[in-house]
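Chains as they are written, first to last, in the working numbering: chain A, 1 to 300; chain B, 1001 to 1313.
Treat the hints as calculated values from the structure; they're not laboratory data.
Fair warning: this is a prediction, and the values are worked out from it, not measured in the lab.
Even glycine gets a Cβ: it sits at the ideal position worked out from N, Cα and C.
If a hint is listed, it holds; no wrong ones were tucked in.
List of simulated lysine-lysine pairs, DSS-like, C-alpha gap at most 25 Å:
(1) A/288 to B/1117
(2) B/1278 to A/152
(3) B/1278 to B/1075
(4) B/1019 to A/126
(5) A/288 to B/1114
(6) A/126 to A/189
(7) A/242 to A/152
(8) B/1019 to A/189
(9) B/1278 to B/1066
(10) B/1219 to B/1114
(11) B/1219 to B/1117
(12) A/152 to B/1066
What follows is a list of derived Cβ distance ranges for each label pair:
(13) B/1204 to A/28: 20 to 26 Å
(14) B/1226 to A/93: 50 to 56 Å
(15) A/126 to B/1202: 37 to 43 Å
Residues of chain A placed beyond 10 Å of chain B at every Cβ, according to the derived structure:
(16) 9
(17) 16
(18) 80
(19) 83
(20) 93
(21) 96
(22) 163
(23) 186
(24) 187
(25) 200
(26) 219
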Amino acid sequence: MTTATLVAHRASEEYDENERLRRRATARRRWGLGFSYLALILVTILMVFPLLVILLVSFTPNAVTQTWPPKFIPSAFTLENYQSLFQRLPVGREMLNTIVFAGCVTIFSVFFDALAAYGLSRVDFKGRGILLGVLIATMMIPAMALLIPIYKLLANMGLVNSYLGIIIPRLADVGGIFLLRQFFISIPKDLDNAARIDGAGEFRIFLQIILPNSVPAILTVGMFNFMGNWNDLLWPLIMTSKPETRTITAGLAMLTGHGSSVTPYGVVMAGALISALPLIIVFFFVQKRFVEGIAMTGMK
Amino acid sequence: MTQASTVTGSARIAEENRKSIARRNLRTGLLFTAPALIVLAVFVFYPAIETFIVSLTNNRINRAGKFIGFENYVKLFHSADFWTDVRNTLFYAVLYAPLVVIVALAFALLLNRKDLKFVGFFRTCMFLPFVISLTVAAIAWNFILSPSLGLVPYWASQLFGIEHLNLLGTRSTAMATIVFITVWKNFGYFMVIFLAGLQGISAELYEAASLDGANSWQKFWHITIPALRPTFNYIVIFGLIGAFQVFDQVFILTSGGPDRATETIVYRIYTEAFGNGKLGYASALSYVLLIMTLIVGLIQLYTNAKHEKEELA
Chain A
1 MTTATLVAHR ASEEYDENER LRRRATARRR WGLGFSYLAL ILVTILMVFP LLVILLVSFT
61 PNAVTQTWPP KFIPSAFTLE NYQSLFQRLP VGREMLNTIV FAGCVTIFSV FFDALAAYGL
121 SRVDFKGRGI LLGVLIATMM IPAMALLIPI YKLLANMGLV NSYLGIIIPR LADVGGIFLL
181 RQFFISIPKD LDNAARIDGA GEFRIFLQII LPNSVPAILT VGMFNFMGNW NDLLWPLIMT
241 SKPETRTITA GLAMLTGHGS SVTPYGVVMA GALISALPLI IVFFFVQKRF VEGIAMTGMK
Chain B
1001 MTQASTVTGS ARIAEENRKS IARRNLRTGL LFTAPALIVL AVFVFYPAIE TFIVSLTNNR
1061 INRAGKFIGF ENYVKLFHSA DFWTDVRNTL FYAVLYAPLV VIVALAFALL LNRKDLKFVG
1121 FFRTCMFLPF VISLTVAAIA WNFILSPSLG LVPYWASQLF GIEHLNLLGT RSTAMATIVF
1181 ITVWKNFGYF MVIFLAGLQG ISAELYEAAS LDGANSWQKF WHITIPALRP TFNYIVIFGL
1241 IGAFQVFDQV FILTSGGPDR ATETIVYRIY TEAFGNGKLG YASALSYVLL IMTLIVGLIQ
1301 LYTNAKHEKE ELA
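Just need the whole structure built from these sequences, with the hints factored in.
As C-alpha cells, this is what we get:
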C-alpha cells in the first residue's frame, strides 16, 4: 500500500466517523423535535379541554348532561341553558357593572401608578428608599385582612353597594407601581434632561416623554389590572349585596351554590362562558403585545 | 481675604443651591406619589392598623367587644384547627410553588427550540387559562372531576378500573387536586417570563461552551440556570406570596372540605369573620398570616442579596 492510498483511506475513515456523528446528531435532534411536539400537543389539549367542556355543556340539555356514562361530545343541542341563565341572573346589568368597575379602576389606577412610579424612579427625593420599602411590605398583607375595616369605612361613608365604593379603594396598586417603576428606570435619562434644558416641567416630561416610551409596560399593567378586577371574586362579593352593583364573576359564584339553591350545570356553564368571553376576546386582540410586555416587565 | 470670602460665599451658594434642589425634589416626589399614597393610606395602611387593633379585642361583626390583649393569639396557638390550617397552607405552597416553576421552565425550554413551528399558537393556548377567572376554571374542573357526572372518573373506571374516583372529595387527594388546577391555570404566565429570560441569553455563550466540549446537560446547568436566576427569584417570591393567600379555589371547589383537608388560613379567616362573625379572632389570624408571609419574603430578599454579593465577589 502506498502512502497516498493510506492517507486517502484514513481520510475516508475520518469522513465516515464525522458523517456518522452528524447523522446521529440529526437523528437525536429529530427525535427531540418529535418529542417536543408530542409534549406540546398533549399539554395544549389539557389546557383547552376544560374550556371546551364549558362550551359544550352550556349548549347541552341538562337531561343529557346528567346521564351516566358522560360523553365529551353531547348527543343533543339546546339554547335553553342561556334562556334560563338570563332569567336567573341579570346578565346584562352585571356585565355593565363589571365593565364600569374594571374599566374605571384600570384607567385611573394605571395613571396614578404611573405617576407614583415616575416619582419613585426619576425624582431623587429624601425618604424615597424608605417609601419603597414600606410599599414592598404592603404587598405581603393578605387582602382578606383588610376587607372588614374597608367594609366598615365604606359603610360609614355610605358607599356600600355603590360604584364609587367598589372603585375608589382600588385606585392604586403597589404591584403596578413596581412594574412601571422597573420599566421607567430603563428609559435613558438623557431624554428627560434634554427636555429639561428646553424648559419642560416634570409633569410635561412625564406626559410627553415617559408615557409614550412605556406603551408596552402601560398596556401590560393595564391588562393585568383589568383582568384582576374582572376576575376578582371576594371583593365584589363582600362589597356589593345587590344585583345593581354586583359584577358578573360574583353573580356567577352565587349561581354555583353559595347563596342560591343548586343550579343545573348547563346554566352555570353558560354563565361561566359569558363571564369569560369578553376577557378572552380582549386577550386575543392584545395578546402579542401583552405577552411581550410581561416578558419585558417580568424579567427584572 | 476677598478671595477667601468669595470661596465661602460660593460654597454657601452651592450649599443653598443643593438645599433648594433637594427641597424642590422632595416637593416634586411627593406630588407625583400623592394620589397613589392617599389611596394606599386610606385603604391599606389604615385598615392594616385597624385590623391589628381589632385583633386585640373580642369584637364581633354585630357588636363591639372589649380589649383583651393578646388573648386571641394565645387561643389561636392552642387550637388544633389553626395548626391544621397552617399545615394545609404550607402543604399547598410547598407543592405549588416548585411545581409551577418546573412546569413553566420545562415548557419554556420546549418552546425555545429554534426549529419549532406554531410557537405563537402553543404559547396562546398555554396562556389562555391564565386569562379566565379562578371561578370559571373551578366550575369547569368541578364538573370534569364530578364523581357522578364527570369525564375523568368515567375514564378512570374504563381505563384503570378505578370506581367512584372522587379526587376533590377524598381527604388524601383534595389539596393535591387544587394544586394541580392552580398550576394548570397559572403556569402559562410564568412560562412567558421564563421564555423572555431564555431569549435574553446570548447564543455565543452556548457556542463557546460547545467548542469546549460541553454537553447539553452541562450547558443547561452552567449557562441557562445561572442566567435565569433573577427570573427565578421574581417567580419564587410572587409564587409563594400568592400561594399563602390561596382562597378562591378552595371557596368554589371544596369549601375547605372534606373534613378540613383543604381549609387554608385565608379560607378560615373568611369563615371566622363572615360565617361566625368573630372579627377579633379573624383579625388575629390575618396578622399571623401577614407575619408568616413577611418572614418568607425577608428570607427570600436576604438570600437574593447574598447571591448577588457572591456573584460580585
